[in-house]
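Residue-level listing of the chains:
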Amino acid sequence: MRAFEFVRAASPTAAVAACSSKEANYLAGGTNLLDLMKEDVERPGQLVDLNRLDLKEIRESGGEVVLGALVSNTDTANHPAVRERFPLLSQAILAGASQQIRNMATNGGNLNQRTRCPYFYDTAMPCNKRVQGSGCGALGGLNRMHAIFGWSNSCVAVHPSDMCVALAALDAMVTVLGADGAKRVIPFTNYHRLPDGTPQKDNTLEPGELVTEITLPANRFAKNSYYLKVRDRASYAFALVSVAAALELDGELVKSARVALGGVAHKPWRATQAEEFLSGKKATTENFKQAAEQAMKTARPLSENAFKVELGKKAIVRALEQAKKGGVV
Amino acid sequence: MAFDDTPSPEEMNPDELALFQELSEFGESRRFFLGQTALTGLSVFALNLLAQQEAAAQVQSEGAVLTTNPTDPGNLLSTTLNVNGKSHTLSHDSRVTLLDALREHLKMTGTKKGCDHGQCGACTVMIDGRRVLSCLTLAATCEGREVTTIEGLAEGDELHPMQRAFIKHDAFQCGYCTPGQICSAVALLKEAEEGQASYASQSLNDSGGALSDDEIRERMSGNICRCGAYPNIVKAVAEVQSGRETAQTWNFHVRVGEEGLA
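Chains A and G supply the protein sequences, listed in that same order.
The first sequence begins at 1 in the working numbering and counts up by one.
The second sequence begins at 1 in the working numbering and counts up by one.
If you are wondering where the hints come from, they were derived from the structure by calculation, not from laboratory data.
Idealized CB from N, CA, C, for every residue including glycine.
One thing to keep in mind: the hints can contain errors.
As the list claims (entries may be wrong) - From the structure, some residues in chain A lie toward chain G, with a derived Cβ separation under 10 angstroms:
no., residue
1, Phe4
2, Ser11
3, Asn51
4, Arg83
5, Ser98
6, Gln99
7, Gln100
8, Arg102
9, Leu142
10, Arg144
Could you build all of it, start to finish, from the sequences and the hints given here?
Here it is in structure tokens:
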């Protein structure tokens with residue numbers, strides 16, 4: 001690991017001020033950043049430690065639930081208000097990583113974790129995300145785990161988070177503090193971005209911006225939601241495909257639906273065509289199958305991951321069936 | 001401190017002496033170590049080592065690789081770690097992880113370094129009662145927090161129930177992952193008691209009661225065992241978590257005619 005200066009931030013404003021240099025990086029749980037520093041992928045000259053900041057609260061305000069950026073993933077998944085009103089989020093968080101990592105990882109950090117594409121990690125390989133202009137090793141390489149939606153010739157990596165797939169489905173809002181001290185709110189589906197020609201940017205944060213809160217707006221999905229994760233082993237593995245499914249039902253009728261996919265794109269992928277298809281229809285297996293077809297219509301698989309298209313369809317149907325039955329609440 | 005039974009330098013053969021000196025177990029500098037090993041007939045080895053270290057130092061000072069001069073790192077920190085109820089103040093490089101602080105600075109080698117990348121769980125310890133990966137925790141972030149390692153679980157000679165259960169159920173072969181497995185399992189007890197859910201939970205609001213084997217497997221999935229002792233690890237964790245004693249399924253085998261030897 002390269003040498004860095006360690007600085008403790010006493011307030012969010014002080015943290016933003018300390019992190020204004022290009023060399024600096026925020027440190028929260030460290031579960032991804034420290035690993036990347038050991039691999040020489042991340043090379044910050046300064047770490048601004050956020051662990052003493054007062055952003056560790058989950059509060060209910062009106063119909064919303066507001067998650068502090070430094071609340072651990074474990075505490076978020078097990079918070080009574082989250083369990084009761086957003087069980088989809090609890091379930092998605094619990095599907096990710098291991099208990100040790102969820103205890104360390106924070107909500108803000110989860111959003112900002114980087115892809116686990118092996119070409120990104122291997123400094124001997126080309127990777128436009130790591131070294132702009134060096135090429136994409138995965139495009140013509142081992143790309144079984146990679147994107148089927150929204151990729152470009154410069155990057156086919158996927159966003160690794162489970163939590164973020166649920167946050168995309170739940171239309172969360174991310175509050176960030178800027179270098180000028182001003183707050184700004186980013187709708188979750190605009191927080192992460194597609195690679196286009198600039199895959200080095202994972203999200204739409206401006207340099208130095210700090211995530212302070214994630215807001216979950218009220219919804220009527222709590223009774224019928226489900227997070228399904230399909231992976232190579234039963235636990236502690238990244239998703240091949242994951243599905244966050246949520247239904248607002250009036251008897252058999254779907255009043256509103258949410259379908260978001262993980263493991264398939266550079267950002268959590270909202271399957272809006274599937275949602276629109278289901279709206280106003282009956283919650284039947286046949287309709288779920290047609291919705292899944294809609295969701296996969298724009299898929300563009302790579303040389304080794306065509307299986308994700310069929311797997312994705314089946315996973316969507318299964319997740320919607322489970323949501324209809326009442327999820328895990 | 002570890003190595004209480006360390007023999008004195010006079011009792012050691014040259015190889016042992018060299019190794020212990022290198023670990024600075026006797027509080028002596030590398031220079032002294034090199035001088036002494038040369039005197040004790042290991043001069044070829046020592047010169048070789050000296051050459052290698054000088055070569056390494058040169059690579060560092062020529063820039064490019066490491067920007068920090070090793071004699072004046074400029075990133076030294078002082079951190080007070082509370083480990084198993086005892087306070088230790090360390091002066092350390094900012095890059096030192098909790099794992100390396102425990103093993104290399106405090107010589108508490110019970111916590112193991114497996115992958116060093118947060119994938120295997122061998123380095124699991126508890127901070128403020130919660131299990132974490134010490135390889136991905138900077139020592140500097142542990143100021144004022146309570147660290148519990150495998151060395152802190154027993155009460156004197158009385159093993160922690162989880163340690164006893166691991167022995168009873170033969171929950172290891174090589175033992176390298178075991179300290180991490182046990183720390184993880186001890187933390188699991190509290191999580192289950194608090195009603196924390198897992199991805200294997202039938203309901204997010206399940207509370208209390210004995211965990212199923214599937215639950216235990218899911219909750220222990222962050223600890224890898226290359227020997228594959230999983231079935232016995234599950235038995236050990238289940239026994240302590242449920243409070244229901246189960247029979248040990250292995251035994252020393254005594255062959256007919258050899259009873260007298262048993």
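Hints violated by the structure (listed by number, smallest first): 2, 9 and 10
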